[in-house]
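S.K.: Sequence:
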Amino acid sequence: MKWVETDKHSVADEMAALSALASFGLSVYPERCVRVRNRHSSCSRCADACTSGAISLEHGEWSMNPDLCVGCGTCATVCPTCALEAQHPNDTMLMASAMKSARACEGEAVFVCHRTMERHPDIDSDKVCQVVCLSRLEETLVATLFAQGVKRVAGVHADCANCPRHQGIKSAHLVKDTMSAICETWGIDARLVLTDELPSAALRDDGAFPASDDPDGIDLSAYVAAPDRDQAMAEGSSVSQVDGRIKASYVPAHVMKDGTLPHFVPSRRQRLLDQLATFGEPVADELDCRLWGHVVIDFNACKSCKMCAVFCPTGAICKYRDENGVAGIEHYVAECVHCGLCQDICPAGAIKSVTQVPAKQLAHGETERYCMPDPEWWTGPDQILRRMRPQISGNSVSHSY
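Take the sequence shown: its position 367, counted from the start at 1, is 367 in UniProt numbering, and no numbers get skipped.
Treat the hints with caution; some may be incorrect.
Said to hold, decoys possible - Calculated cross-link-like contacts (lysine-lysine; reagent style DSS-like; alpha-carbon spacing at most 27 Å):
| # | residue 1 | residue 2 |
| --- | --- | --- |
| 1 | Lys170 | Lys319 |
| 2 | Lys319 | Lys360 |
| 3 | Lys257 | Lys303 |
Said to hold, decoys possible - Restraint-style ranges between C-beta atoms, simulated for each label pair:
| # | residue 1 | residue 2 | range |
| --- | --- | --- | --- |
| 4 | His173 | Glu368 | 29 to 35 Å |
| 5 | Ala161 | Pro121 | 31 to 37 Å |
| 6 | Thr367 | Gly187 | 20 to 26 Å |
No wet-lab data here; the hints were simulated from the structure.
Because the structure is a prediction, the values reported are computed rather than measured.
Note that beta-carbon positions come from the ideal geometry of N, C-alpha and C, so glycine has one too.
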(Lines of atoms letter the chains of each structure in order from A and count residues from 1; the text may use other names and numbers.)
(Lines give C-alpha, C1' and ligand atoms only; values in the text may rest on other atoms or scores of the structure.)
Protein backbone atom coordinates (compact mmCIF):
# COMPACT_ATOMS: atom_id res chain seq x y z
CA MET A 1 0.00 0.00 0.00
CA LYS A 2 1.28 3.43 -0.90
CA TRP A 3 1.85 6.10 1.66
CA VAL A 4 -1.00 8.57 1.95
CA GLU A 5 0.40 12.08 2.11
CA THR A 6 -1.17 15.50 2.15
CA ASP A 7 0.28 18.19 -0.04
CA LYS A 8 -2.16 20.87 1.08
CA HIS A 9 -3.81 21.92 4.29
CA SER A 10 -7.37 21.50 3.04
CA VAL A 11 -9.95 19.82 5.26
CA ALA A 12 -10.46 17.04 2.71
CA ASP A 13 -6.73 16.30 2.54
CA GLU A 14 -6.35 16.19 6.32
CA MET A 15 -9.38 13.92 6.69
CA ALA A 16 -8.25 11.57 3.93
CA ALA A 17 -4.81 11.20 5.48
CA LEU A 18 -6.16 10.48 8.95
CA SER A 19 -8.84 8.13 7.63
CA ALA A 20 -6.13 5.96 6.08
CA LEU A 21 -5.40 4.60 9.57
CA ALA A 22 -8.80 2.94 9.93
CA SER A 23 -7.90 -0.70 10.52
CA PHE A 24 -8.55 -3.68 12.76
CA GLY A 25 -6.80 -1.88 15.61
CA LEU A 26 -8.23 1.62 15.29
CA SER A 27 -11.45 3.47 14.71
CA VAL A 28 -10.83 6.88 13.17
CA TYR A 29 -13.04 9.97 13.53
CA PRO A 30 -11.19 12.66 11.57
CA GLU A 31 -13.85 15.31 12.18
CA ARG A 32 -12.81 15.32 15.85
CA CYS A 33 -9.15 16.00 15.10
CA VAL A 34 -8.12 19.57 15.95
CA ARG A 35 -5.79 19.68 12.94
CA VAL A 36 -8.79 18.98 10.73
CA ARG A 37 -10.86 21.52 12.64
CA ASN A 38 -8.32 24.29 12.10
CA ARG A 39 -5.14 24.20 10.03
CA HIS A 40 -3.28 26.38 12.55
CA SER A 41 -3.38 23.67 15.23
CA SER A 42 0.05 22.64 16.48
CA CYS A 43 -1.13 19.33 17.95
CA SER A 44 1.12 16.41 17.02
CA ARG A 45 0.50 14.09 19.96
CA CYS A 46 -0.37 11.01 17.88
CA ALA A 47 2.68 11.41 15.64
CA ASP A 48 4.98 12.06 18.60
CA ALA A 49 3.72 8.99 20.46
CA CYS A 50 3.33 6.49 17.59
CA THR A 51 5.38 3.38 18.36
CA SER A 52 5.65 2.00 14.84
CA GLY A 53 6.06 4.94 12.48
CA ALA A 54 2.55 4.57 11.09
CA ILE A 55 1.88 8.25 11.86
CA SER A 56 4.42 10.96 11.19
CA LEU A 57 4.29 14.70 10.83
CA GLU A 58 7.03 16.55 9.01
CA HIS A 59 7.00 20.24 8.16
CA GLY A 60 3.31 20.38 8.94
CA GLU A 61 2.40 17.56 6.56
CA TRP A 62 0.78 14.27 7.61
CA SER A 63 2.19 10.95 6.45
CA MET A 64 0.25 7.78 7.23
CA ASN A 65 1.32 4.20 6.55
CA PRO A 66 -1.42 1.85 7.76
CA ASP A 67 0.75 -1.17 6.94
CA LEU A 68 3.02 -0.18 9.84
CA CYS A 69 0.20 0.13 12.39
CA VAL A 70 0.39 -2.59 15.06
CA GLY A 71 -2.86 -1.65 16.81
CA CYS A 72 -1.13 -0.80 20.09
CA GLY A 73 -3.56 2.05 20.83
CA THR A 74 -0.89 4.54 21.90
CA CYS A 75 -2.23 7.25 19.60
CA ALA A 76 -5.70 6.78 21.09
CA THR A 77 -4.28 7.16 24.60
CA VAL A 78 -2.67 10.53 23.90
CA CYS A 79 -5.29 12.03 21.54
CA PRO A 80 -7.12 14.74 23.52
CA THR A 81 -10.33 14.59 21.46
CA CYS A 82 -10.54 10.81 20.86
CA ALA A 83 -10.22 11.25 17.10
CA LEU A 84 -8.52 7.85 17.29
CA GLU A 85 -10.03 5.02 19.34
CA ALA A 86 -8.37 1.70 20.10
CA GLN A 87 -10.25 -1.44 19.07
CA HIS A 88 -7.64 -4.14 19.68
CA PRO A 89 -9.14 -4.52 22.27
CA ASN A 90 -11.71 -1.79 22.75
CA ASP A 91 -12.30 -0.14 26.12
CA THR A 92 -15.16 -2.42 27.18
CA MET A 93 -13.26 -5.61 26.34
CA LEU A 94 -10.16 -4.38 28.16
CA MET A 95 -12.18 -3.46 31.24
CA ALA A 96 -13.75 -6.93 31.37
CA SER A 97 -10.32 -8.53 31.06
CA ALA A 98 -8.91 -6.27 33.78
CA MET A 99 -11.64 -7.17 36.26
CA LYS A 100 -11.10 -10.84 35.49
CA SER A 101 -7.39 -10.37 36.23
CA ALA A 102 -8.15 -8.58 39.51
CA ARG A 103 -10.30 -11.50 40.67
CA ALA A 104 -7.59 -13.98 39.80
CA CYS A 105 -4.61 -12.03 41.19
CA GLU A 106 -5.79 -11.27 44.70
CA GLY A 107 -7.29 -7.89 43.90
CA GLU A 108 -4.50 -6.68 41.63
CA ALA A 109 -5.17 -6.06 37.93
CA VAL A 110 -2.12 -7.13 35.91
CA PHE A 111 -1.41 -5.87 32.39
CA VAL A 112 1.42 -7.40 30.38
CA CYS A 113 2.87 -6.48 27.01
CA HIS A 114 3.58 -9.02 24.26
CA ARG A 115 7.30 -9.16 25.00
CA THR A 116 6.60 -9.91 28.65
CA MET A 117 4.42 -12.83 27.58
CA GLU A 118 7.29 -14.12 25.44
CA ARG A 119 9.79 -13.72 28.27
CA HIS A 120 7.61 -15.52 30.85
CA PRO A 121 6.22 -18.79 29.46
CA ASP A 122 4.91 -19.56 32.96
CA ILE A 123 2.38 -16.72 32.87
CA ASP A 124 -1.22 -17.83 33.21
CA SER A 125 -2.82 -16.02 30.28
CA ASP A 126 -6.23 -16.25 31.98
CA LYS A 127 -4.96 -14.14 34.88
CA VAL A 128 -3.51 -11.18 33.00
CA CYS A 129 -4.58 -8.57 30.46
CA GLN A 130 -2.49 -8.86 27.33
CA VAL A 131 -1.81 -5.68 25.37
CA VAL A 132 0.56 -4.91 22.53
CA CYS A 133 2.17 -2.19 24.64
CA LEU A 134 1.48 -0.74 28.08
CA SER A 135 0.73 2.55 26.35
CA ARG A 136 -2.75 1.07 25.82
CA LEU A 137 -3.46 1.88 29.48
CA GLU A 138 -5.37 5.11 30.00
CA GLU A 139 -6.73 7.03 32.94
CA THR A 140 -10.43 6.21 32.61
CA LEU A 141 -9.70 2.50 32.66
CA VAL A 142 -7.48 2.78 35.73
CA ALA A 143 -9.86 5.09 37.61
CA THR A 144 -12.75 2.69 36.96
CA LEU A 145 -10.72 -0.17 38.39
CA PHE A 146 -9.98 1.92 41.48
CA ALA A 147 -13.68 2.74 41.83
CA GLN A 148 -14.42 -1.00 41.72
CA GLY A 149 -12.13 -1.58 44.70
CA VAL A 150 -8.90 -2.55 42.93
CA LYS A 151 -6.04 -1.12 44.99
CA ARG A 152 -3.16 -1.84 42.65
CA VAL A 153 -2.89 -1.88 38.88
CA ALA A 154 0.40 -3.30 37.61
CA GLY A 155 1.74 -2.75 34.13
CA VAL A 156 4.49 -5.31 33.52
CA HIS A 157 6.97 -4.55 30.76
CA ALA A 158 10.05 -6.28 29.40
CA ASP A 159 13.27 -4.66 28.16
CA CYS A 160 11.72 -1.53 26.67
CA ALA A 161 15.05 -0.13 25.46
CA ASN A 162 15.45 -3.02 23.02
CA CYS A 163 11.80 -3.25 22.02
CA PRO A 164 10.76 -2.08 18.54
CA ARG A 165 7.93 -0.22 20.31
CA HIS A 166 10.17 1.37 22.93
CA GLN A 167 8.47 4.75 22.37
CA GLY A 168 5.33 3.43 24.05
CA ILE A 169 6.71 3.36 27.58
CA LYS A 170 6.82 7.18 27.54
CA SER A 171 3.07 7.33 27.07
CA ALA A 172 2.59 4.72 29.79
CA HIS A 173 4.56 6.93 32.19
CA LEU A 174 2.38 9.91 31.21
CA VAL A 175 -0.68 7.93 32.28
CA LYS A 176 1.05 6.83 35.49
CA ASP A 177 1.98 10.41 36.37
CA THR A 178 -1.55 11.60 35.63
CA MET A 179 -3.08 8.93 37.84
CA SER A 180 -0.69 9.81 40.65
CA ALA A 181 -1.83 13.44 40.44
CA ILE A 182 -5.51 12.45 40.33
CA CYS A 183 -5.16 10.09 43.30
CA GLU A 184 -3.41 12.80 45.31
CA THR A 185 -6.08 15.38 44.45
CA TRP A 186 -9.00 13.08 45.34
CA GLY A 187 -7.28 11.24 48.19
CA ILE A 188 -7.57 7.86 46.49
CA ASP A 189 -5.71 5.06 48.25
CA ALA A 190 -4.70 3.09 45.16
CA ARG A 191 -1.89 3.23 42.64
CA LEU A 192 -0.76 2.37 39.15
CA VAL A 193 2.76 0.93 38.92
CA LEU A 194 4.97 0.15 35.93
CA THR A 195 7.43 -2.63 36.63
CA ASP A 196 9.47 -5.39 35.04
CA GLU A 197 8.67 -7.76 37.91
CA LEU A 198 5.74 -10.08 37.34
CA PRO A 199 3.46 -10.60 40.37
CA SER A 200 3.60 -14.20 41.53
CA ALA A 201 -0.19 -14.37 41.51
CA ALA A 202 -0.10 -14.11 37.71
CA LEU A 203 1.86 -17.34 37.31
CA ARG A 204 0.35 -20.73 36.59
CA ASP A 205 -0.70 -22.85 39.53
CA ASP A 206 -2.61 -26.05 40.10
CA GLY A 207 -5.73 -24.33 41.33
CA ALA A 208 -8.77 -24.03 39.16
CA PHE A 209 -9.65 -20.58 37.86
CA PRO A 210 -13.12 -19.62 36.67
CA ALA A 211 -13.07 -18.91 32.96
CA SER A 212 -16.08 -16.60 32.94
CA ASP A 213 -15.69 -13.55 30.75
CA ASP A 214 -18.23 -11.57 32.78
CA PRO A 215 -16.44 -10.00 35.77
CA ASP A 216 -18.38 -9.95 38.99
CA GLY A 217 -19.24 -6.68 40.64
CA ILE A 218 -19.24 -4.34 37.65
CA ASP A 219 -21.92 -3.29 35.20
CA LEU A 220 -20.14 -3.11 31.86
CA SER A 221 -23.17 -1.49 30.25
CA ALA A 222 -22.03 1.74 31.90
CA TYR A 223 -18.55 1.31 30.46
CA VAL A 224 -19.05 1.34 26.73
CA ALA A 225 -17.13 2.50 23.73
CA ALA A 226 -18.02 5.71 21.93
CA PRO A 227 -21.12 5.82 19.71
CA ASP A 228 -20.87 4.05 16.39
CA ARG A 229 -19.20 5.79 13.50
CA ASP A 230 -22.34 6.78 11.60
CA GLN A 231 -23.89 8.28 14.70
CA ALA A 232 -20.76 10.15 15.73
CA MET A 233 -20.04 11.58 12.32
CA ALA A 234 -23.68 12.65 11.87
CA GLU A 235 -23.27 15.58 9.50
CA GLY A 236 -19.53 15.19 9.12
CA SER A 237 -17.66 13.07 6.62
CA SER A 238 -17.69 9.73 4.88
CA VAL A 239 -14.73 7.54 4.04
CA SER A 240 -14.33 5.35 0.99
CA GLN A 241 -11.57 3.38 -0.68
CA VAL A 242 -10.98 3.74 -4.43
CA ASP A 243 -8.18 2.01 -6.35
CA GLY A 244 -6.46 1.06 -3.12
CA ARG A 245 -6.34 4.64 -1.85
CA ILE A 246 -8.33 6.07 1.00
CA LYS A 247 -10.40 9.09 0.10
CA ALA A 248 -12.71 11.23 2.17
CA SER A 249 -15.74 13.09 0.92
CA TYR A 250 -16.30 15.99 3.26
CA VAL A 251 -19.73 17.44 3.82
CA PRO A 252 -19.41 20.56 6.00
CA ALA A 253 -21.27 20.17 9.27
CA HIS A 254 -23.80 22.86 10.00
CA VAL A 255 -22.48 25.79 11.97
CA MET A 256 -24.26 26.25 15.30
CA LYS A 257 -26.71 29.11 15.76
CA ASP A 258 -24.11 31.09 17.70
CA GLY A 259 -21.63 30.82 14.82
CA THR A 260 -19.44 28.10 16.36
CA LEU A 261 -18.50 24.73 14.91
CA PRO A 262 -20.22 21.58 16.28
CA HIS A 263 -18.84 20.17 19.51
CA PHE A 264 -17.95 16.71 20.75
CA VAL A 265 -16.97 15.75 24.31
CA PRO A 266 -14.99 12.46 24.49
CA SER A 267 -16.96 9.81 26.36
CA ARG A 268 -13.75 8.74 28.10
CA ARG A 269 -13.57 12.10 29.86
CA GLN A 270 -17.20 11.93 30.92
CA ARG A 271 -16.74 8.42 32.32
CA LEU A 272 -13.59 9.48 34.15
CA LEU A 273 -15.36 12.32 35.94
CA ASP A 274 -18.24 9.96 36.79
CA GLN A 275 -15.79 7.53 38.39
CA LEU A 276 -14.00 10.28 40.32
CA ALA A 277 -17.35 11.44 41.68
CA THR A 278 -17.65 8.09 43.50
CA PHE A 279 -14.65 9.09 45.63
CA GLY A 280 -16.35 12.22 46.92
CA GLU A 281 -14.91 15.72 47.04
CA PRO A 282 -11.33 16.57 46.03
CA VAL A 283 -9.00 17.02 48.98
CA ALA A 284 -6.69 19.41 47.13
CA ASP A 285 -7.44 22.79 45.60
CA GLU A 286 -5.74 22.18 42.27
CA LEU A 287 -5.08 19.37 39.82
CA ASP A 288 -2.13 19.56 37.45
CA CYS A 289 -2.15 16.86 34.76
CA ARG A 290 -2.31 16.36 31.01
CA LEU A 291 -6.04 15.70 30.71
CA TRP A 292 -7.69 19.04 31.47
CA GLY A 293 -6.91 22.64 30.74
CA HIS A 294 -7.76 26.02 32.22
CA VAL A 295 -7.74 29.04 29.94
CA VAL A 296 -6.12 32.30 30.96
CA ILE A 297 -6.94 35.40 28.91
CA ASP A 298 -4.90 38.59 28.62
CA PHE A 299 -7.59 41.22 28.18
CA ASN A 300 -5.03 43.87 27.34
CA ALA A 301 -4.35 41.93 24.14
CA CYS A 302 -7.77 40.32 23.50
CA LYS A 303 -9.69 41.80 20.56
CA SER A 304 -13.02 40.14 21.46
CA CYS A 305 -13.12 38.21 18.18
CA LYS A 306 -14.24 35.05 20.05
CA MET A 307 -12.45 32.76 17.59
CA CYS A 308 -11.54 30.59 20.59
CA ALA A 309 -15.24 29.81 21.03
CA VAL A 310 -15.80 29.28 17.31
CA PHE A 311 -13.22 26.51 17.02
CA CYS A 312 -13.19 24.92 20.51
CA PRO A 313 -13.81 21.20 19.79
CA THR A 314 -15.68 20.36 22.99
CA GLY A 315 -17.58 23.54 23.77
CA ALA A 316 -15.41 24.17 26.82
CA ILE A 317 -15.24 27.74 25.53
CA CYS A 318 -18.61 29.00 24.36
CA LYS A 319 -20.25 32.33 23.65
CA TYR A 320 -22.86 33.82 25.94
CA ARG A 321 -25.10 36.86 26.07
CA ASP A 322 -27.15 37.45 29.21
CA GLU A 323 -30.54 39.08 29.63
CA ASN A 324 -28.89 42.47 30.03
CA GLY A 325 -27.12 42.18 26.71
CA VAL A 326 -23.70 41.59 28.27
CA ALA A 327 -21.68 39.27 26.01
CA GLY A 328 -18.49 37.27 26.31
CA ILE A 329 -17.24 33.71 26.59
CA GLU A 330 -17.93 31.06 29.21
CA HIS A 331 -15.26 28.50 30.11
CA TYR A 332 -16.30 25.02 31.25
CA VAL A 333 -13.19 23.45 32.78
CA ALA A 334 -14.64 19.93 32.97
CA GLU A 335 -15.01 19.81 29.18
CA CYS A 336 -11.61 21.32 28.34
CA VAL A 337 -9.28 18.60 27.03
CA HIS A 338 -6.20 20.86 26.85
CA CYS A 339 -5.87 20.43 23.09
CA GLY A 340 -4.36 23.91 22.85
CA LEU A 341 -6.37 24.90 19.78
CA CYS A 342 -7.62 28.15 21.32
CA GLN A 343 -4.05 29.15 22.06
CA ASP A 344 -2.86 28.22 18.56
CA ILE A 345 -5.49 30.19 16.66
CA CYS A 346 -5.85 33.36 18.73
CA PRO A 347 -4.78 36.14 16.32
CA ALA A 348 -3.73 38.34 19.23
CA GLY A 349 -1.94 35.65 21.24
CA ALA A 350 -4.18 36.62 24.15
CA ILE A 351 -5.20 33.18 25.42
CA LYS A 352 -3.26 30.37 27.04
CA SER A 353 -4.31 26.89 28.09
CA VAL A 354 -2.59 25.76 31.28
CA THR A 355 -2.73 22.39 33.02
CA GLN A 356 -3.31 23.78 36.53
CA VAL A 357 -7.06 23.30 36.99
CA PRO A 358 -9.19 24.26 40.02
CA ALA A 359 -10.28 20.89 41.39
CA LYS A 360 -13.65 22.10 42.69
CA GLN A 361 -14.56 23.55 39.29
CA LEU A 362 -13.67 20.23 37.72
CA ALA A 363 -15.65 18.18 40.23
CA HIS A 364 -18.76 20.37 40.26
CA GLY A 365 -18.85 21.43 36.63
CA GLU A 366 -18.50 25.10 37.52
CA THR A 367 -17.90 27.65 34.79
CA GLU A 368 -16.13 30.98 34.48
CA ARG A 369 -17.43 33.92 32.49
CA TYR A 370 -15.25 36.48 30.76
CA CYS A 371 -17.00 39.63 29.57
CA MET A 372 -15.98 40.54 26.02
CA PRO A 373 -17.80 43.62 24.74
CA ASP A 374 -18.65 43.49 21.06
CA PRO A 375 -16.18 45.58 19.05
CA GLU A 376 -17.54 49.01 18.12
CA TRP A 377 -18.82 48.95 14.57
CA TRP A 378 -20.31 51.45 12.20
CA THR A 379 -20.98 51.28 8.51
CA GLY A 380 -19.31 53.32 5.80
CA PRO A 381 -17.32 53.08 2.59
CA ASP A 382 -14.18 52.04 4.46
CA GLN A 383 -15.89 49.50 6.75
CA ILE A 384 -13.96 46.51 5.37
CA LEU A 385 -10.63 48.22 6.03
CA ARG A 386 -11.68 49.22 9.54
CA ARG A 387 -12.97 45.72 10.27
CA MET A 388 -9.69 44.14 9.15
CA ARG A 389 -7.36 46.69 10.75
CA PRO A 390 -7.25 44.96 14.19
CA GLN A 391 -6.02 41.80 12.44
CA ILE A 392 -3.32 43.55 10.42
CA SER A 393 0.21 43.93 11.72
CA GLY A 394 2.49 45.73 9.30
CA ASN A 395 2.09 44.08 5.91
CA SER A 396 0.86 40.76 7.29
CA VAL A 397 -2.65 39.66 8.12
CA SER A 398 -3.23 37.43 11.15
CA HIS A 399 -6.30 35.22 10.97
CA SER A 400 -7.68 32.10 12.64
CA TYR A 401 -9.05 30.09 9.73
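S.K.: Please go over all the hints and tell whether each is borne out by the structure.
M.R.: Status of each hint after checking the structure:
1. Lys170 to Lys319: violated (37 Å)
2. Lys319 to Lys360: Given that 27 Å is the threshold and the Cα spacing comes to 23 Å, the pair holds.
3. Lys257 to Lys303: holds (22 Å)
4. His173 to Glu368: 29 to 35 Å: holds (32 Å)
5. Ala161 to Pro121: 31 to 37 Å: violated (22 Å)
6. Thr367 to Gly187: 20 to 26 Å: Because 25 Å falls inside the window, the suggested range holds.
The structure fails hints 1 and 5 (numbered hints given earlier, in ascending order).
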